[in-house]
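Take any residue in the sequence shown, note its place counting from 1, add 1, and you have its number in our numbering.
Keep in mind the hints are simulated off the structure, nothing from the lab.
The structure displayed is predicted, hence computed values, not measured ones.
Distance condition first, Cα-Cα at most 30 Å in a straight line; then the derived DSSO-like pairs of lysine-lysine:
| no. | residue 1 | residue 2 |
| --- | --- | --- |
| 1 | K228 | K30 |
| 2 | K81 | K15 |
| 3 | K92 | K82 |
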Amino acid sequence: RLQGSSDFSVLTPKGEAQAEITREMLQDKRFDVCFRSPLARASRTAEVIWGSRSEEMVDVSDLREIDLYSFQGLLKEEGKKKHGESYAAWKTDHVNFEIDGHFPVRELWKRGADCWDTILEADGSDVLVVAHNAINQSMVANALGLGPEYFRRLVQSNCGLTTLVFRQSSTDENAAFVVLEQLNQTRAAPLAGNADMTKSRAVLICSSGSQGAELDDIAAGVSKALKDERVESVRFDDCTSSRVLAQNVADRLNLSEGPRASVAVMAELATPGSTVL
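With these hints in hand, go ahead and build the complete structure from the sequences.
In structure tokens:
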């Protein structure tokens, strides 16, 4: 069934159990406030996760799920029959998907930006947000500077944890940046091969095919962003621009002479033009 921002469903026993797992994952975390969607299923999820905390929970209408207008409440087959072209656009061209004179995904992205205005203006530095798949996608994407074309690319599982950290630049007091620390994390280890957490961080960079001075500028920017990080090795695919960028960054970070430094071809990378630090 196409729920959208309708409020006819409630949290199921499975949902209650998932929320309880998330509560346990966050039990040692301190939050100043919880912002939640007013829809019943999210409101109850927030109650379970918030547990016995005494801090305030605030309902924010903009945190509701995506508005699907005439689609809401319909079974998928009903949506196909009643709104054939619109339903097809919903599945294949979501940015331009229109129904009842509205563009739901574009509106969702605007609403995600508005949510950040509300949250970042509030008192307190540690905030928990409990909402829904689509609006969470919009908020994460807005924070990372990604447009509505990224809808369905940052899917949020039920009760998965995503953590964004807003930091002031150490070199420019007027600049700030966003760190994506967790994306859709559950209790299970995201990578079975890293269950022992021997590697704690990987930085992914997509090279642009730039050359010469432009590539040097990119390498300089990457190196500046990583200057306070401990980087032990650089891996890259067999694309020439990736190799040159990786070597340039490694040189700037003085990795080439370090005893643990390495710059090696990583042929198994699926997408040419990808660099892993």
